[in-house]
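Can you make the complete structure from the sequences, with help from the hints?
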Amino acid sequence: MTATEIRPTTAAALETKAPPKPRNMGQIIRWLLLFLGGIAMVMPIAYMISTSLKWPHEVYNVNLIPDEPTLENYLYVLEDGRFYKWFINSIIIATLTTISNLLFDSLVGYTLCKFKFPGRQIVFIAILSTLMIPTEMLVIPWYLMSQSFGWLDSYWGIMFPGLMTAFGTFLMKQFFESVPDDFIEAARIDGLNELQIWWTVAMPLVKPALAALAIFVFLGNWTAFLWPLIVTNSVEMYTIPVGLSGFGDEADVAWELIMTGAAISTIPTLVVFLIFQRFIIRGVVMAGLKG
Amino acid sequence: MTLYRNLTIKQKQIVWAWSFLALPVLFYGVIRFYPTGTAFVISFQEWNLLGSRTWTGFDNYVTLWNDPVFWKVFKNTFAYLLIGTPVSLVLSFVIAYHLDKLRFMHNFLRMLYFLPFMTSAVAMAWVWRWFYQGVPIGLFNNILAGFGIPQIEFLNSTTNALPAVLAPAIWAGLGFQVIIFMAGLRAIPVSFYEAAKIDGVGWWTVLTQITLPLLKPTMVFIVVFSSIGFLRIFDHVFNMTTNNPGGPLNSTKPLVLMIYDTAFNGFNMGYAAAQTVVLFTILLIVSLVQLRLLRSE
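So the sequences go chain by chain: A and B.
Numbering follows the UniProt record's numbering, in which position 217 of the first sequence is assigned residue number 217; successive positions increment by one, without gaps.
Numbering follows the UniProt record's numbering, in which position 152 of the second sequence is assigned residue number 152; successive positions increment by one, without gaps.
Hints should not be assumed to be uniformly reliable.
[Said to hold, decoys possible] With a Cα cut of at most 25 angstroms, we get these calculated DSS-like pairs of lysine-lysine:
1) A:116 to B:10
2) A:114 to B:10
3) B:197 to B:101
4) A:207 to A:116
5) A:116 to B:12
6) B:12 to A:114
7) B:101 to B:216
8) B:216 to B:197
Treat the hints as calculated values from the structure; they're not laboratory data.
For clarity, every value in this text was computed on a predicted model and none was experimentally measured.
Spelled out as structure tokens, the structure:
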């Protein structure tokens with residue numbers, strides 16, 4: 001798409017070109033307004049965490065800092081055991097799916113980028129065209145498929161639709177373009193086979209792209225809702241979002257418990273983001289503009 | 001092995017390429033293309049998942065055309081799109097435009113705006129749902145009450161519920177769009193601005209004559225990306241209205257929720273499949289039209 005026109009400069013420019021320092025009244029007002037807007041943006045997250053630390057009688061107060069902070073809600077929710085199980089389920093599913101995407105999307109992207117073979121163009125266009133098929137159209141056939149193969153209510157059933165993605169393949173193909181053919185030729189002359197070349201020569205050169213892809217796939221699977229909701233039946237197989245959705249209904253008006261569940265499902269990704277902030281934002285830009 | 005050794009370099013390449021692609025090609029065939037075909041086929045059948053499938057021609061589509069709920073849902077889906085896309089486009093541009101001009105605590109401010117993107121829609125739907133409750137529970141109404149302003153019905157009102165459900169969806173996607181816009185802004189060569197400065201052009205002219213035209217590729221991307229997201233809205237609606245999904249009175253029900261209901265609560269697979277075909281067609285048309293419109297001009 002046309003976004004490629006601005007490709008070469010963006011990632012680097014994001015780091016180098018610095019906007020001017022605030023020196024006049026206008027800049028100060030601009031800063032203050034953006035600061036207030038930013039605070040408003042994180043308010044829902046702040047209130048979620050704050051309420052999860054409140055006693056039930058304090059929940060309806062609008063104060064952000066709890067009078068007597070407590071971890072009681074977390075103990076209650078975790079003692080129940082279900083959140084713990086859902087958390088583990090989500091971790092396993094998101095991790096395995098991410099690994100699968102890193103391997104297959106990059107292998108396919110690499111092959112389409114660096115090999116000359118009959119059928120290359122057809123395979124590329126076929127994979128690219130799946131971007132136009134919405135998941136929602138496929139859930140019914142996937143469900144029928146899972147039913148006939150006995151995949152309902154299993155990790156495999158939750159994971160199989162996302163093991164490879166056209167988005168990831170396209171992203172990786174774009175990045176392998178920047179790996180010089182000479183490197184690959186040299187490795188061939190050194191006697192490495194094609195699998196070794198892909199793994200030991202090409203893959204290390206696209207690490208930033210792999211990291212960006214990993215972030216997107218993990219986050220996507222951690223928060224995925226529709227398909228896990230359809231494919232799981234038993235409470236032990238739920239992922240965090242599916243479990244939380246049912247828990248919210250069940251907890252009814254115990255908002256401090258619902259906020260605790262919501263916090264448990266959100267805090268891990270927030271922590272990861274706060275640690276790798278710079279890196280993740282660069283990854284998002286790369287994935288967004290190249291993918 | 002001897003067979004492989006006798007191949008030319010070119011032939012070896014072909015063998016390698018196809019052995020790398022074998023499993024993925026199988027995957028895309030079985031998990032993407034075959035199900036797409038199945039969805040089309042089922043849309044011409046009547047099937048309740050237990051009994052036998054019967055061919056009914058275009059019956060499902062005719063039923064859909066005559067279903068008042070479908071037209072309500074159709075209207076809602078486009079309301080999400082037609083409110084959500086421009087609002088998030090303008091907000092994210094304004095934020096990115098100003099944030100780009102600031103250096104003091106730049107990364108901190110950027111983090112504040114981006115943080116919601118890292119949250120899960122289900123979790124945040126429940127947070128916002130709590131905000132929307134009446135006095136003495138909900139945050140918004142409690143704040144309003146503090147100023148002596150009468151309560152607002154958010155999720156219980158047929159007119160307010162749709163924007164109320166849409167707000168967290170816009171909120172969660174804003175950070176991503178801000179980041180993309182900032183990357184677009186940084187990609188505009190500084191020399192353009194310097195030339196404008198030498199010519200003594202005002203900021204409004206710079207904005208409309210330089211910045212916005214050069215941001216067009218970025219805008220095309222953001223508009224297409226967010227439109228597709230709003231047309232497929234589900235998680236927020238489902239979780240904010242679990243007691244009556246899509247309610248009150250279907251006033252928030254989007255197409256994906258109707259599909260989910262028809263297929264997995266009503267077990268009317270043929271009818272649901274027809275709805276997915278409609279969704280597919282809408283997504284296809286909207287993306288093609290937008291690409292065409294924003295590219296030419």
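Going through the hints against the structure:
no.: 1; hint: A:116 to B:10; verdict: 8 angstroms, holds
no.: 2; hint: A:114 to B:10; verdict: 13 angstroms, holds
no.: 3; hint: B:197 to B:101; verdict: 16 angstroms, holds
no.: 4; hint: A:207 to A:116; verdict: 24 angstroms, holds
no.: 5; hint: A:116 to B:12; verdict: 11 angstroms, holds
no.: 6; hint: B:12 to A:114; verdict: 14 angstroms, holds
no.: 7; hint: B:101 to B:216; verdict: 20 angstroms, holds
no.: 8; hint: B:216 to B:197; verdict: 22 angstroms, holds
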